[in-house]
Structures are given as C-alpha cells and as structure tokens.
Amino acid sequence: MSDFLLEIGLEEVPARMIAGAEAELGRRVKELLTRERLLAPEAKLTTYSTPRRLAVLVEGVLAAQADAEEQLTGPSWKVAFKDGAATAAAEAFAKKAGVAVTALKKVTTAKGEYVGVTVKREGVGATQLLAGELPKEVLGLYWAKNMYWRAGKPERFVRPVRWVVAMLDTAVVPLEIAGIAAGNATRGHRVLHGSAAIVLASATSYQEALRTAKVIVDVAERRYVIRKALDKATRSVAGARWREDELLLETVVHLTEWPSVILGDFDREYLTLPEEVLVTVMRDHQKYFAVEDAHSKLAPHFLAVLNTETDAEGAAIIRHGNARVLTARFKDARFFWEFDQKTPLTERVESLKHVTFHKELGSYAWKTEQNLRVTRELAAVVKAAGVAFDEAALLKAVELAKTDLTTELVKEFTELQGMIGGLYARAQGLGERVALAIYEQYTPGSTEDNIPVSVEGQLLGLADRIQTIVAMFGIGLRPTGSKDPFALRRTGNGVIKILAESDLELTLDGIYSAIRAISDGSKDTFNEVQAFLGERVKSYLMEVRGFAYDVVNAVTSAGSIVVSTEVTLGAENVRHTIARAEALTAARGSEDFVAVAAAFKRIKNILRQAEEKGFTLGSPNSVELVAEAQALWDAARKLTPQVAVLRERRAYGEALALIATLRPAVDAFFDKVMVLDPDVQVRGAHLGLIDEVLRGFSGIADFGEIVTP
Amino acid sequence: MLISINLPGKSDAALLIKSVLSSIEREFPVPTTESTAALQSSALTFQELLFRLQSFWADRGCVLQQPYDVEVGAGTMAPETFLRVLGPKPYRVGYAQPSRRPADGRYGENPNRLFKHTQFQLILKPPPVNVQELYLQSLEAIGIDLSKHDLKFEEDNWEWPAGGAWGVGWQVMLDGLEITQFTYFQQCGGMDLDPICAELTYGLERIAAFLQDVDSIYEIVWARDPETGAPVTYGEVRLAEELQFSVYNFEEADVAKLWEHFNLFEAEAKALLGKADGLFASETATAGEKQRFPLLATYELALKCSNLFNVLDARGAISVTERVGVIGRIRALAVGVARAYAAQQAA
Numbered sequence: 001m002s003d004f005l006l007e008i009g010l011e012e013v014p015a016r017m018i019a020g021a022e023a024e025l026g027r028r029v030k031e032l033l034t035r036e037r038l039l040a041p042e043a044k045l046t047t048y049s050t051p052r053r054l055a056v057l058v059e060g061v062l063a064a065q066a067d068a069e070e071q072l073t074g075p076s077w078k079v080a081f082k083d084g085a086a087t088a089a090a091e092a093f094a095k096k097a098g099v100a101v102t103a104l105k106k107v108t109t110a111k112g113e114y115v116g117v118t119v120k121r122e123g124v125g126a127t128q129l130l131a132g133e134l135p136k137e138v139l140g141l142y143w144a145k146n147m148y149w150r151a152g153k154p155e156r157f158v159r160p161v162r163w164v165v166a167m168l169d170t171a172v173v174p175l176e177i178a179g180i181a182a183g184n185a186t187r188g189h190r191v192l193h194g195s196a197a198i199v200l201a202s203a204t205s206y207q208e209a210l211r212t213a214k215v216i217v218d219v220a221e222r223r224y225v226i227r228k229a230l231d232k233a234t235r236s237v238a239g240a241r242w243r244e245d246e247l248l249l250e251t252v253v254h255l256t257e258w259p260s261v262i263l264g265d266f267d268r269e270y271l272t273l274p275e276e277v278l279v280t281v282m283r284d285h286q287k288y289f290a291v292e293d294a295h296s297k298l299a300p301h302f303l304a305v306l307n308t309e310t311d312a313e314g315a316a317i318i319r320h321g322n323a324r325v326l327t328a329r330f331k332d333a334r335f336f337w338e339f340d341q342k343t344p345l346t347e348r349v350e351s352l353k354h355v356t357f358h359k360e361l362g363s364y365a366w367k368t369e370q371n372l373r374v375t376r377e378l379a380a381v382v383k384a385a386g387v388a389f390d391e392a393a394l395l396k397a398v399e400l401a402k403t404d405l406t407t408e409l410v411k412e413f414t415e416l417q418g419m420i421g422g423l424y425a426r427a428q429g430l431g432e433r434v435a436l437a438i439y440e441q442y443t444p445g446s447t448e449d450n451i452p453v454s455v456e457g458q459l460l461g462l463a464d465r466i467q468t469i470v471a472m473f474g475i476g477l478r479p480t481g482s483k484d485p486f487a488l489r490r491t492g493n494g495v496i497k498i499l500a501e502s503d504l505e506l507t508l509d510g511i512y513s514a515i516r517a518i519s520d521g522s523k524d525t526f527n528e529v530q531a532f533l534g535e536r537v538k539s540y541l542m543e544v545r546g547f548a549y550d551v552v553n554a555v556t557s558a559g560s561i562v563v564s565t566e567v568t569l570g571a572e573n574v575r576h577t578i579a580r581a582e583a584l585t586a587a588r589g590s591e592d593f594v595a596v597a598a599a600f601k602r603i604k605n606i607l608r609q610a611e612e613k614g615f616t617l618g619s620p621n622s623v624e625l626v627a628e629a630q631a632l633w634d635a636a637r638k639l640t641p642q643v644a645v646l647r648e649r650r651a652y653g654e655a656l657a658l659i660a661t662l663r664p665a666v667d668a669f670f671d672k673v674m675v676l677d678p679d680v681q682v683r684g685a686h687l688g689l690i691d692e693v694l695r696g697f698s699g700i701a702d703f704g705e706i707v708t709p
Numbered sequence: 001m002l003i004s005i006n007l008p009g010k011s012d013a014a015l016l017i018k019s020v021l022s023s024i025e026r027e028f029p030v031p032t033t034e035s036t037a038a039l040q041s042s043a044l045t046f047q048e049l050l051f052r053l054q055s056f057w058a059d060r061g062c063v064l065q066q067p068y069d070v071e072v073g074a075g076t077m078a079p080e081t082f083l084r085v086l087g088p089k090p091y092r093v094g095y096a097q098p099s100r101r102p103a104d105g106r107y108g109e110n111p112n113r114l115f116k117h118t119q120f121q122l123i124l125k126p127p128p129v130n131v132q133e134l135y136l137q138s139l140e141a142i143g144i145d146l147s148k149h150d151l152k153f154e155e156d157n158w159e160w161p162a163g164g165a166w167g168v169g170w171q172v173m174l175d176g177l178e179i180t181q182f183t184y185f186q187q188c189g190g191m192d193l194d195p196i197c198a199e200l201t202y203g204l205e206r207i208a209a210f211l212q213d214v215d216s217i218y219e220i221v222w223a224r225d226p227e228t229g230a231p232v233t234y235g236e237v238r239l240a241e242e243l244q245f246s247v248y249n250f251e252e253a254d255v256a257k258l259w260e261h262f263n264l265f266e267a268e269a270k271a272l273l274g275k276a277d278g279l280f281a282s283e284t285a286t287a288g289e290k291q292r293f294p295l296l297a298t299y300e301l302a303l304k305c306s307n308l309f310n311v312l313d314a315r316g317a318i319s320v321t322e323r324v325g326v327i328g329r330i331r332a333l334a335v336g337v338a339r340a341y342a343a344q345q346a347a
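As given, the protein sequences belong to chains A and B, one line each in that order.
Residue numbering for the first sequence follows the numbering used here, beginning at 1 and increasing consecutively.
Residue numbering for the second sequence follows the numbering used here, beginning at 1 and increasing consecutively.
These are computed hints drawn from the structure, not numbers from a lab.
Since we're looking at a predicted model, the values are computed, not measured.
For each residue, glycine too, the CB sits at the ideal point set by N, CA and C.
The reader is advised that the hints may include incorrect statements.
[As the list claims (entries may be wrong)] Some chain A residues near chain B, calculated using beta-carbon distances under 7 Å: (1) V191; (2) L306; (3) G321.
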C-alpha cells in the first residue's frame, strides 16, 4: 500500500475559485483511482489548498492494479475450425487476443458453440497509470475564468502552473502538466521562506514540511488560526468584539498561506459617517473586519488579516500603512458625503432624466413616474383593507427613491444605493418615514434577507419591483431557462416575500390591478407576468418555506380543477396559501386523510375519462341511489357546509380533519358502487355525485396532486 | 511635514523610515560621492523612484522608452504597449507614462485624486517564468523591505473595451494599498495574443506617497537640492496643472469644437484605415509598400479621439445613450489599427 501526493504549484489563484477547485481536484483523483482499481478500501483522501497551490494526498493507493482474467468470445466454432483445422477466422481471433491458436477452447452459449479464450490481463502499476491519466484530470478542472500563458497556447488554466509535485511514497511519479515535469520539490511562503526549494522526503511529509516553510496547507486550520488571531487582537480593546462575517473570512482564508492579524485604529471623527459606509469601505474595499464595542456600536478600530508574520517593528509599519489607506478612503467618503449634501435629494429629481434605466424604456425619471402610478394603486388597495400608513411620506419616498443614483457616494459605493438615499433623506430632514422607506427599498436583497420594516418601505419596494418586471417583460426581456440577466426572478421573489411576510393584506390580484396602471394594454405581457408571479409563489413555498413539491402543487392549484373557482391563487393572501400548505403537510400524517386523498385522485381520473367519453353529469337526486352511494351523498352534504365555514375561518387543519372523516363512506362507495353504470341515468347521477364531492372539498387543496404511497 | 500621521507616541513612521533606510543600504550601497542630503531625508524622491525602477528593469534587459507624446488615459494605450504586444516578436520595454483621466480631476483639492497621474509601465513579452519574483525584487530595489510588510496578489482582471483588449491578473496590495496592476494580456485589438505578455503598471504617485509616508500626493517630495536638501514638492511641480485642467475639462472646454476635433480626427483615421484595408488585401503590393504605410500615425489619430471623448465625458457632454455609440466609434479605429498593424508586421 502506498501514499500518493499531488501538488500543483501556481501563481496566486483568485480567492473565490479556490474552494471549488480543491474539492473538484479531490473528486477527480478519487474517481480516477477508483476507475483504475487503485484505491484501497480503507484509503483516506485529503485535499489542501493555498493561493499558490492545490494538493491531494491519498493514503492507501495500491502499487498496481490486480491482475485480471478476461473471457473473450470469438467466431462460431464451425467457422473457426473446419475438420479440426484452424481457419483464418481462428487465426485472426487468436492474434487479436494475443494467444496461440492452440489455446482456443470451445464455449457453449445459448446461441450455440463459439470459440473462446481466457486471457490474463496483467495489472498496470500505479506510477504508470497516474503518469498517463492524471495530467488530463488536472487540466480538466473548471475555472470561472482562465488564461493562456505558454507560446502556442497549448492549454488554458486559471494562472500559470509553476511547479508540480507528484510522489508515490518517496518516488517521483514522472508526469508532466502544462510543460512542467513533476518532482519532489515544493515551495514555501514567498517572503517568509523565499524561493529555495523544499525537497519532500515522502508524500506524507507534505503538510509538516510546508509548515516549516511557513505555509499552512490545510484550509480549516487556517480558518481556525485566523479566528483565534482575530479574537486575540480584539482583546487589546476592552469590551470589544470583531464583527462576524463569514464571506469575508472565507476570502481571507484563501488569500493567505501563513495568516496573522493586526488591530489598527482610525480617528474617532470618522465615526460620524454612517456605519454602512464605514463597514463597506472596511469589508469590501480593504477586506478588514469591523470592530464593535460592548453596545454593538462600531468602534474606531479595524482588523487586517495579513499573509505574513513579522516582528514588532514590521507590525507597526504594517499597521500604520493600513491605517493610512483606510483613513484616505474614509476621507474620500467624507468628502463625498459633504459634497453630496450641497445638493439635497429634492433638487436631484430633475437630473434623473439623465440617468438611463434601460435604453429601450427610458430614464430613471421615467421609472420614477411609473413607480408613482403603481404606488398610488397599491396604496388605494391597502388603504381600503384598513392598513395604516403615511401616504404623503410614501409618495415623497417614491419620488426621491432613485435620486441617490446621482450622488458621488453611490457612484463610489454602488452596493449602498438606496441606503445612502435614506441616510441623506434623514440628514436633510425629510422625515423619518420618508428616509426609512428609501433606505429599505432594495430589501430583501435575497430570500434570506428580512423584508422592509415600514409599510411605506414595503409598498415602495413592491411598486419598484413590479414596475421593473412589467417594463422588462414588455420589451421581451423575461427570464428564460438559465438566462436572467436582469435578475428578474430575484426581483419577483422580493415581491412574493414582501406579500407573504408583511401585514399589507395585499393579494396578487391587488398587484395585478396595480399593474394595469402602467400596462400598455398588452394581454400577452399581463398574462406572462401573472404566470411568472405564480411561479415565484411556488418557488417561495418550496425554497424559502421548504414545503414538498406535491403539497405546493396541491395548494396552488386548489379550486382551479373544476369549472367554478372559489379560491384562486391571485385572490388569496400568500399568507393563507402558506397556512393551507402547513395544514396539508400536517394532514399527510393521517392515514384516513391519505386514503381520502387517494380517493379524490380516483374521482378526478373518473371525471376526466367521463369527459373524454362525452358522458353527461346528472343530479344525484334524479335516481334512487344504492345505499353506499346514498351514504356518501348524505355525508358529503352534511360536511360540505361545515368545511366551508372552517375554510372561511381559515381553520384549515380542522377542515382537513373533517374531510378525513369521509373515509368510511368513500371506501364503501368505491368498494360497492360501479360508478360508470351501464344505465345512463344511474351513471349520470354517480358522476354528479362525485363531482359534487370533489368540488365541495377541493377549496383547500387539490388532493389529486398529493403523491400517495 | 514628511511625517504627518495621526498616531500618538513613538511614531510608526519613524520606524518605517528606519526600515526603509536599512533596506536601501543593504540593496543599494550609496556611493560616498553622492550627496548625503537624500539619504538624511530618507525615502526616495519621486524622481529617484522612477530612476530606480528604470535602472532595475534596464538591468534586466528592458528597452527604456520615453513617455508617449500624445494624450493617453493609461500606459497601455501608448503604442509601445498597444501595438508591440501584437505579433510574435519578443519585446521588453519600460516607460513612465503620464496618464490623463479628465473626469478624475479635482481642482488639486483632493489629496488622493489626480487628473493626470504617472504610471511606470512595463511590458515583458513573453513573460519570464520568474516574473513575479522579478517584480518582488523591483520592490526591494525601491526600498521596500518585504519582511516588514504585508504583500498580497489579489485577483483583478483588466479590460479596455474600446481597444478590444483584456487580460487576467492581480492588483498587488502592499499593507492594504494597491501599488501595482499586474496583467497577463490575453487579447488586444480583438485578437488572441501569442505569445502573451505580462504588463506591470506601477502607480508612481501612490508608491511615492507610501514610501515617503505623506497623506497628500501634493506633499510628495519630487526632488531635492543636492546641496541644501531643500525639497521641491509634487504640488510645486504639478498643482497648477491639476487646477487649470480641471477648470478646462469641467468648465471651459468648448463642447462644439471638441466634437469638431473628434469628427475630424476620426474622419482622417477612417480614411487611412480604408486605404490600409486595400493595401494589405492587395496581391500586388510589395512588402516595402506595406511597411511604409503610416499606421502609427493612424493610431495617434485614434488616441486623439479617445482623449477628446474623455474630455467631453468630463464636461458632461455625452449622454448615456450616446456613450455606447461613441465608444464603438473609437473601438472601430483602435481595433482597425491593431488588425492592420498585425497584417503589416506579417508582411
């Protein structure tokens, strides 16, 4: 049993691509070894990476493939041997199999007698196989963006390959990747170790050899080291904590080989700038962690993760240098902040004419006008439902919502659009309601985000998103397949999330009525938007709420299966759709309910067949029903109004429990009654009966969609 | 003035300067005949910084060129880069390039932003395998002791759409400051490069401010009197230019005339490109006829258009809808020249 090490030495790989590539390399090596029967059952595979290397260590590689026997079958015996003598066909087969003609044997199969031979396949050695196969696997790695570097452009990779280590125990595996012959020498930290080669004694000495060369190759270990170092550096400020930031942590983990942390300071005067701006500068521009005091307020410190370790003198220099850069950036931000204040948001409305929303549609001044129209409609609906909000503040917020696009601060920090407008609105005394609505207009940014806290913010966010969707659909830019360049699905998700998680008492129908205010009257666009938002509801229920797909299908198609629809998705508050899905999910645990659901599916199928055959539905009262049919009819007539009342009260769980009590009657009915009776009158009555049952109980969910065991 | 920092107590800047000094001495023993003034006043002056970079790369086989004498937005646009990277011929060149970004002007009021900054531009075609190590040595050569600093290569890809040029690479971060853009050119003029080249762009003002530890570009010591040690600052050399060009670019530039200039330069460039198309497609034209065709002059006309566009843009004279169209016109010229140039080289 051997240990195999592969290390690809690279110029600095982009941090965002490393984790994926490391995992893929591990997977490819494992698949290769498995495919080639070189992986011992107890083998252990470990992957490593730093900005300058990707590595895999496999402990438990077989020295060679096991020898194998293979049974080959050739031409039919009669063709191969004529009168006991080998024919040309036998000779050819023997040659192909690499054996003498005398080694050929007769094999009898179901189809007759054939020439056969057992050949031994000698296992190939691991070294030979790896040398031949591994380079293809490495060069097959996926990179979001890659490059050429060698003359003649023989291959593309993320960055130039500068060295390769490939060792089976202590021996070099003679392979070549991108023109680099593998060896047993790796390289250490650029500065702390320098360019001297580190010769590895064996594959398993990899991790420790690099540690002495100031490289931690294990990603989890670096993450741990950075966390501890952040803790330690922060302890020098009493009561302080560093602000947790998973994404930033992953970035710095993949930017370092030998991480350490320094805590630096900035002048307290910058704390008068909005925290959002300070944190964005630190996190996005400088990759620093923010520090907060015991009251979770931003403190005038930052934490920089270094890719080195240095003495006190070096630390002082590095701290000073980083603080200088940060201060310059803060100074810029303050300059922009003060400069922008010279032109209040209210004076920027006019200049939105010069900011393009979309070249085929118009400017942000145009969009603002459209947003206002949608907002007025939404406001009317919500007001009618008795929701309290400040309408004047809302309209003001909509009018000013996009004006921050003309500010220097947003040009500098585009990711803060909306927030900066809100901060300016507050600073300019436009009122808290106005400021908050502008601030929150882009939340939720993702399905994990919270929705705006203010009703004005919710309505502004809805109006803005709806307008975007309708306008983009109007010029044919609806998302298709994997193509969604304007992120309209995310925009739609935002609409549904606000509807589902706010107290707006707003339905999709309410949204549709608002759309009419800006629609060009195109029926197609309207229908497409309607279908699109319906899809977003389903997506929300599954991906955000975690409901099973059949439950989602059942509750979103409820009521639409029969001609007369009582509950349509559009007319319902998304919250109630969620409540129905919850009740249905709970009811699935009841055996009686599942049985009834199965029966409803059967009813649907029978009705569909009946329709195809052109059978007419009659009244259940038109003939004398058999006892079981009469019993079901009685039970259904008794329960229908009760279920309707419960449904009206949104007591969906109780309603479903009540429906489940139909089970004995339903079971007996299908047991004893032939629904499609040859007698037209009787058949019509039966069909009418099950149709009534289906209609009466399908208002909560289309049980036919439920997948039953 | 040199050490103006916010930190209390024993200053980190003093430590910084000490370390810079010691590293300079180690790497570059200063001849005794040289004035001690520069040494006493510590970090490299702006012009010494340029000298060091030039001599470092000259010692490694680079041609030292002078700044290109037509307005450009970046060293990449000078023909020593934009045209030299085309074709198979190896080339190594370095030059300082004053680079104009009219919209970035701040009337000389912002300590970190300039209308015209200076790049030290380096093209290594093809890139040597140890190009990163050479780059690190160049940092040592300008007095940066890497053992006392934090250095990272962070992904930063570059493109100049109007030139049909792009590459992948890094921004080199030193103690949180971007000091160099390092790019492996992949395409230029819309054509794949083979061999590719490495482009290193040092931001001289930033590096000088860092080395001298000053908070404003205008406080950078550009030169020192060898006798007295008296400094001449960046502000003394360039502040008036920053102010006046901001006034011109933002207030005074005559939009109608700029457009006229633009159209004239464009028309002439287009006419020449039309001729070039005919010439390089011709079966009968001789290699000599092809080689004497003035593509370098055509390229200058394209550069003029590019700069005029930037001034018009700073002046607020280009609407968003126009923008894409005008960039397309410049692209047609730049890419047209690049293609013709490649054909000319092959002739």
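Outcome of the hint check:
no.	hint	in the structure
1	V191	holds, 5 Å
2	L306	holds, 4 Å
3	G321	holds, 3 Å
Figure legend: structure checked against the earlier numbered hints; every hint is met.
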